[in-house]
Amino acid sequence: MAVSPTASAAPAPLPWVARRTAERGLVAAAGVLGALGLVAVHTAMYPAESWDPVVAGAVALAGFLVVHAALVIADNRGDEVLLPVAAALSAVGLVMIYRLRPDYAVRQAAWISLGLTSLLIALGTLADLRWVRRYAYLCALTGIALLVLTVLVGVERNGARQWLVVGAFTLEPGEIVKLLLVAFFAGVLVETRPLLTLPGPRRWRADLGRLGPVLLVCLGSLLLLVFQRDLGLAMLYYGVFLAMLYVALGRLDYVLGGLVAFGAGATLCYHLFAHVRVRVDVWLNPWADAAGRGYQILQGLFALASGGLTGAGLGLGHPELMPASYTDMIFPAIGEELGAIGTFMVVALYLLFLGRVFRAAVQADGSLDRLVGAGLGAAFGIQTFVILGGSTRLIPLTGIPAPFLTYGGSAAVSNFIAVALLLAISDRGARAAADGRDAPTHP
Amino acid sequence: MLRRTRNVGRLLAGLFAVLLAYLAFVQVIWGPQLAASPQNPRLALAAERIHWGRILDRRLTVLADSVGTGPLQVRRYPQGAAFAHVLGYRSRRYGLTGIERREDLALLGLPITDPWEVLQEAFGRTPEGNDVVLTLDAGIQQAAVRALGNVRGAVVVLDPRTGAVLALVSRPGFDPSAVDAQWAVLSRDASAPLYDRATQGQYPPGSSFKTVTLTAALGSGRVHLADPVRCPEAIDVGGALIHNFEHEQLGQISVLQAFVASCNTAFVQIGQRTGAQAVAAAARAFGLGQPVPFDLPTSSGYVPPPRDLGARGLAQIAFGQGSLLVTPLQMALVAAAVGNGGTMMTPFLVSQIRAPDGRIRQTFTQRGSRNVMAASLAGEVAQAMVQVVQSGTGTAAQLPGVLVAGKTGTAENPHGNTHAWFIAFAPADRPVVALSVIVENGGVGGQVAAPIARQVLAAALQIQSAAAGRP
Chain A
1 MAVSPTASAA PAPLPWVARR TAERGLVAAA GVLGALGLVA VHTAMYPAES
51 WDPVVAGAVA LAGFLVVHAA LVIADNRGDE VLLPVAAALS AVGLVMIYRL
101 RPDYAVRQAA WISLGLTSLL IALGTLADLR WVRRYAYLCA LTGIALLVLT
151 VLVGVERNGA RQWLVVGAFT LEPGEIVKLL LVAFFAGVLV ETRPLLTLPG
201 PRRWRADLGR LGPVLLVCLG SLLLLVFQRD LGLAMLYYGV FLAMLYVALG
251 RLDYVLGGLV AFGAGATLCY HLFAHVRVRV DVWLNPWADA AGRGYQILQG
301 LFALASGGLT GAGLGLGHPE LMPASYTDMI FPAIGEELGA IGTFMVVALY
351 LLFLGRVFRA AVQADGSLDR LVGAGLGAAF GIQTFVILGG STRLIPLTGI
401 PAPFLTYGGS AAVSNFIAVA LLLAISDRGA RAAADGRDAP THP
Chain B
1 MLRRTRNVGR LLAGLFAVLL AYLAFVQVIW GPQLAASPQN PRLALAAERI
51 HWGRILDRRL TVLADSVGTG PLQVRRYPQG AAFAHVLGYR SRRYGLTGIE
101 RREDLALLGL PITDPWEVLQ EAFGRTPEGN DVVLTLDAGI QQAAVRALGN
151 VRGAVVVLDP RTGAVLALVS RPGFDPSAVD AQWAVLSRDA SAPLYDRATQ
201 GQYPPGSSFK TVTLTAALGS GRVHLADPVR CPEAIDVGGA LIHNFEHEQL
251 GQISVLQAFV ASCNTAFVQI GQRTGAQAVA AAARAFGLGQ PVPFDLPTSS
301 GYVPPPRDLG ARGLAQIAFG QGSLLVTPLQ MALVAAAVGN GGTMMTPFLV
351 SQIRAPDGRI RQTFTQRGSR NVMAASLAGE VAQAMVQVVQ SGTGTAAQLP
401 GVLVAGKTGT AENPHGNTHA WFIAFAPADR PVVALSVIVE NGGVGGQVAA
451 PIARQVLAAA LQIQSAAAGR P
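Those sequence lines, one after another, are chains A and B.
Under the working numbering, think of the first position of the first sequence as 1, with each following residue one higher.
Under the working numbering, think of the first position of the second sequence as 1, with each following residue one higher.
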């Protein structure tokens, strides 16, 4: 990264053209790569079809430059790598979706545009995180209400995941609830933190009382998810909860207790629910039912293996043999056509994004910003690992969207709002660091 | 809080590192083997856009080739049913078997790694698979098919010096190019024509197993060829009478004469002197009771564990009955090991993979070996087998000018008439051919199987010496 945000942060605003130059170049590069990919897929696979998906995709990717322009105008001094990495992952996802389901490409382009719009709106309205403190319980209530609603009137699509049908659209409430829960945990933990980290002997019961609301919401949402059979989301929420608890309180004993409870709960679920047993058994030995329950995971393995190091090439593999190739199994599809080089690049992009998120969290100005940053980072990291690892049989497969990559509108909105929050956190951190440098007495 | 934030980031980055290592394993290290799994539907899809390679015998006679392209590509087997079980079939509906299955990747030329070839395919050229060259000799194979005739049975011919399989015949056969059309008949036929008797048929070995018992007896040091042994009409073992074939009785004879005349009651005593442990150990040393490592699927047969053998069990396996089961391939290897000075060469079928332009991509000369017994012991057993053909039960296998070593077997079984067995190698002093013959419910080994063996040996020796004369 040629320019680090802290180094570029200067007391006086730079002229517009000199702001966020690294971001401009990287976003443009990601957009060009995506556009080239779309053109390649079009000419190789659908030469006789309409160019609409390519044009729509290019327009959506150009939207990242619009966001960049907005950040320049607003004089955001935050991280300049977050947006380009999101653009690159979105571009890879768009190209793969066009290749796998050409009928979904225009819609995915629309979802990306919608996500970028949400990003801009969030930058304008949610950037100052004091609402997190004020409306923490409203967030929790909304989140739980969404989950309850899904249990009551949700529709099952793609096996286990539950969706809410609103008119012509299907919503994936889990993605929005993810953000609401991060906000709730951060808001409550920031309030209770001073009381729980006081020096002196610890009193379990008092702690438990203060953490009561957090625990209640966490357990409530887990129960609702188990009801919905959405184990991926359950793992994600619980992981985020533990990570934020650890960051806020530094109580390893709570985290270890939480992990033990997770193990016990998982074992209980395994014995109580047949669908959990099936997931685990299919993970351990997909060959036992190769044509039935093991089919999807086995096809994922074959896709990865057939791709080898260099991949079959875009359009030359057979990822369509995998059920849900453009959603849950998009990563093995990338592995088949772009090879280990492709999967490594994608994981490297995720790793880069993760690193920049935690960098922003570490450099954040104040514990609320830091806690929200760490929560969003944990959510991003866990979610990515659960679906990438699941679709490749590293861990049992539970369907949740791979951030920026998978087809879907709810995920796009949620992920890009998270990017907006992270850019705001990073901006404040950079400005605070610059102020600190200006004041010679401050360490 | 700073440190803890970093810790969470590090932990998650660690998970990603695990994911990267795992991907490297699945895609690059395990990948080629995993992608070659017959359960990978990509192979069948690839097969539709590739011109399948040919299968050739060791003199490059075409055993399988194909015409047409894409979904209209048709596999042809010019030698008809003779090679059916070795080659297998390539059916869009019923899948692949035999060499077609085993060498599918080579025949499809996958994975295509040469960037030049990938480019050519992108410009519309049909990629061509490799040719697979087998160790089989069409002349010997056809001779074995003719010699067996219209029976249920199998013939396995090997080169004992290398383990190269020269002929592998199972009868009844089928036309591999007509599997789709005749499936209903073939799959229901009571004589099981789709079943490869040579590698998978499990039969009691009968007296051909006395070769193993004799090896165990002489190897134990407790029995010698010249030792006296009685050959009564029947012998009492633990209250049950064991009879000789056709109530034969020879009185007081030597161990060698007992082998040559195939006297069951004498072999009961030889087995008792040798002990169950030693007999079972010799059987295992010959590879019986285990699947033969081979290019085609093989059955293991059965050798009872010695601790389960009572006095009667030992008496029965001594002359090849009881619960013993062997495959024709295993018995051909027994003959080959004796002929090759006690060293059993691991059998193999695929000798070369050739590119479509004839360039040799891979050559296989040997698959390893196992040491069954000392060369001196093998020499003694071989001498006894020569006597069997010269003056014993196997005289029907004699050839003019060539010393043949053999052993007959007439195996009682629950399915009717006895199975006729013959195992042999020739020339006895420096064998270039070893074989086994079985005719299911065919009758007496010396009368039914030995003449078949003679015809196959004659053809094989002639072809082998001609092959040796070639530069």
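Worth flagging that the hints you see were computed from the coordinates, not collected in a lab.
Careful: at least some of the hints might be erroneous.
[To be verified] So the derived list for chain B, only partly shown, Cβ under 8 Å to chain A, looks like this:
1. Leu12
2. Phe16
3. Leu20
Where is the CB? At the ideal position from N, CA and C, for every residue including glycine.
Violating hint indices (sorted, rising): none
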